[in-house]
Amino acid sequence: MGFENRQIRQSKFPLACSYSALILHNDEMTLRRKWKQRKRNQRSLTMTGALVFLTRFLL
Numbered sequence: 001m002g003f004e005n006r007q008i009r010q011s012k013f014p015l016a017c018s019y020s021a022l023i024l025h026n027d028e029m030t031l032r033r034k035w036k037q038r039k040r041n042q043r044s045l046t047m048t049g050a051l052v053f054l055t056r057f058l059l
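Mapping the sequence shown onto UniProt numbering, position 3 (from 1) lands on 3, and the numbers just tick up by one.
Simulated from the structure, these hints should not be mistaken for laboratory data.
What you were told as hints is all true, and nothing was included just to trick you.
Ranges between beta-carbon positions, derived for each pair: (1) 12 x 42: 41 to 49 Å; (2) 22 x 45: 29 to 37 Å; (3) 30 x 53: 28 to 36 Å; (4) 49 x 27: 29 to 37 Å; (5) 25 x 48: 29 to 37 Å; (6) 35 x 15: 29 to 37 Å; (7) 54 x 25: 38 to 46 Å; (8) 53 x 14: 52 to 60 Å; (9) 48 x 11: 55 to 63 Å.
Each residue gets a CB set at the ideal place from its N, CA and C atoms; glycine is no exception.
Go ahead and model the full structure; you've got the sequences and the hints to work with.
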């Protein structure tokens with residue numbers, strides 16, 4: 001019985017490792033996507049501030 005349990009655990013180990021790697025990769029991609037959106041939003045905010053500053057004298 002102990003041998004069978006060890007075989008089952010050994011056969012599931014590569015699957016568990018692959019699943020963990022996929023989860024970590026997905027989390028990394030989510031973080032990258034959020035970082036890019038935050039960077040894009042900051043750039044947009046900077047451009048809006050620059051436009052407000054430049055058009056302030058025209059009004």
